[in-house]
Amino acid sequence: MIFRMRHLAVLLSSLLLGAPSLSHAVEVGGIDLNGSGFATLGLGHMLGGSEGSMSGYRKPVFISDYAQGGVYDGKGGIQWQPDSKLGLQGVATFPDRRFSVTGQVVARGARDGAINLEWLYASFKVNDNITLQAGRKRIPMFYYSDTQDIGVALPWTHLPPQLYGWEVVNYNGFNVAYRGQVAGWDVGANALVGKESKDRSGYWKVYRGRNNRTDVRWDNIVGGDVSLAKDWFETRFVYLQSKVRQKNASGSLDTDPASSTYGSYIDGDTSFSSPAGKQKIYGATFNIDYENFLVRSEFIRIAHNDVMGYTDRAQILGVGYRIGKWTPMYTVSNYRSQADIAAGADPDGQEAHRTHSATLRYDLTTSSAVKVQLDVQKDRSGPNYTVDGFNRFGNARLLTATYDVVF
Amino acid sequence: MFFTKLQPCLRITALLTGLLAAASASAEFVVIVGKGGPDAMTKEQVADVFLGKAASLPGGASAAPQDQADSSPLRDEFYTKITGKSAAQAKAYWSKLAFTGKGTPPPEAGNSAAVKKAVAGAPGGIGYIEKSAADATVKVVLTVN
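Sequence order for the protein chains is A and B. For the first sequence, position 211 (counting from the first letter as 1) is numbered 191 according to my numbering, and the numbering increases by one without interruption. Quick note: to get my numbering, add 449 to the position in the second sequence (first position is 1).
A portion of the hints provided could be inaccurate.
What the hints assert, rightly or not - Cβ-Cβ distance ranges computed for the label pairs, FRET-style: (1) B:P522 / A:G160: 53 to 63 Å; (2) B:D584 / A:F213: 33 to 43 Å; (3) B:G570 / A:G56: 35 to 45 Å; (4) A:F273 / B:V589: 28 to 38 Å; (5) A:G36 / B:P522: 46 to 56 Å; (6) B:N560 / A:G15: 53 to 63 Å; (7) A:G28 / B:S581: 51 to 61 Å; (8) A:D179 / B:S505: 37 to 47 Å; (9) B:P556 / A:Y158: 25 to 35 Å.
Said to hold, decoys possible - The following residues of chain B were derived to be distant from chain A, with all beta-carbon distances above 10 Å: (10) E477; (11) A539; (12) A562; (13) G573; (14) K580; (15) K588; (16) V589; (17) T592.
What the hints assert, rightly or not - In silico DMTMM-like pairs for lysine to aspartate or glutamate, Cα to Cα no more than 20 Å straight-line: (18) A:K305 / B:D525; (19) B:K492 / A:D211; (20) B:K545 / A:D269; (21) B:K545 / A:D126.
These are calculated hints, taken from the structure and not from any lab test. Just so you know, these numbers come straight off a predicted model, no measurement behind them. The beta carbon of each residue, even a glycine, is placed where N, CA and C say it ideally should be.
The following block holds chain A by itself, in its conformation from the complex:
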């Protein structure tokens, strides 16, 4: 593990020395091979917040990447792992230019430098507008889902966790994509079917302990998204649904003071939950890039209204202004879970938090940028809500800086 982390650190550091072209191409037997990559070196320092512990992390705690388990905690000093990553992509385009295969691997500090396969899919261009794809891709839940690892393409040091914090981000399946112009609008549309298996979910480590093992299954994923852009305005709508199951192999923390196993993990699952829950995801984005102003707004509602009985809502609103190579931006991101009180849920036991973020971006070159961001997170959960059975989420003030590059 240490070996992997050192290699990731060395590779990221070496990228500080230069920012070459976005694509490097060679031709082998009529097949064009294109290589490219991206990296983020992220450094963070916890300025203050709530004290204590949560899920095995020392508070204050700020979760910058739920899906990968990227957590800044209160251990002090500079932390580089939660937001640092290195990705490499290869594309093989066959001689007729219509068929290609794309693969992308990413090593993350949040995963101790382990290399994960993020994308691996085959594409067939039916015509200039329609493409068929099959393989492993990103679930298009959000506007920035596709580019969540490409720091240069983001206005923040990390995505607003209240909106972008979910348990899986990829799927294996099939999709049909349309891209073209209709009545003067740039139109993109995508329909997909698939499934995803995620073992040792980073998301559930946040809630069940940093050593917890929870495996997640999203089956029967069906949905699509539509985006429309014209001049300075862009909007996007998404709908997805799936079956959701999980297996908490490590068990749950015993929170009954009268129990002989109080404070330890008990009742680990040996099989996936049954019956599977069903989730319906609705999202909308409204973005503005008017002269030097930029506005980013996004809303999502995730309904788990059958066996799980709760609904999640999250929103962001960000406003920035470009001054040459500088872009200051202010963003508010908000999350609230609402359980089915009629079915017996505690009205004071619901999770809610909000983060105010001030970001300053400077474009070093066309391929690289540095950003500094101050996040102020406020726990707004009900008085009876605990993350891990004992402890509240808590407040946090986090300062992060990133160097982002594509090459």
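Given chain A's structure and the hints, the job is docking chain B onto it.
Here is chain B on its own, set in the frame of chain A:
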């Protein structure tokens, strides 16, 4: 005495005028295509090609756009004036497409001579160079001041 004081002022004014004229001249660029390409293109048509929104040139040939080098000042000027995005914003835009399988950014050439050569030699070739660098090997479809 008066003329003695005025002469340096006139020289400075002349120098500033010359610098402004030079800056203005360096800001002028042309969009070029191969000899078999269209006779003229609008700013919007050029923007669509360089942002991957149009796969072909007017007339039907598959577009083969050619970018200037990352460090070229002309690149920033081209993207700002043609697409309304800075070169950095355009790169961020292309990063989004390139790393999600939705497109491949235009290849880069080292200088205007290399851009001109690549455009002249490729069916559907299109690029941008300083106005003074254009010659009979390519066709100018748009001039931007």
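We went through each hint and held it up to the structure:
1. B:P522 / A:G160: 53 to 63 Å: 33 Å, violated
2. B:D584 / A:F213: 33 to 43 Å: Distance hint for B:D584, A:F213 holds at roughly 41 Å.
3. B:G570 / A:G56: 35 to 45 Å: 60 Å, violated
4. A:F273 / B:V589: 28 to 38 Å: 35 Å, holds
5. A:G36 / B:P522: 46 to 56 Å: 52 Å, holds
6. B:N560 / A:G15: 53 to 63 Å: This hint is violated: roughly 24 Å between Cβ atoms.
7. A:G28 / B:S581: 51 to 61 Å: 59 Å, holds
8. A:D179 / B:S505: 37 to 47 Å: Given range 37 to 47 Å: holds, Cβ gap about 46 Å.
9. B:P556 / A:Y158: 25 to 35 Å: 26 Å, holds
10. E477: Check passes; 22 Å lies beyond 10 Å.
11. A539: 7 Å, violated
12. A562: 18 Å, holds
13. G573: 12 Å, holds
14. K580: 23 Å, holds
15. K588: 24 Å, holds
16. V589: 25 Å, holds
17. T592: The claim holds: B:T592 sits with its nearest Cβ about 24 Å from chain A, beyond 10 Å.
18. A:K305 / B:D525: 12 Å, holds
19. B:K492 / A:D211: Cα-Cα ~14 Å, so holds.
20. B:K545 / A:D269: OK: B:K545 and A:D269 at ~16 Å, within 20 Å.
21. B:K545 / A:D126: Status holds; Cα separation ~7 Å.
When the structure is compared with the earlier hints, violations turn up for hints 1, 3, 6 and 11 and for no others.
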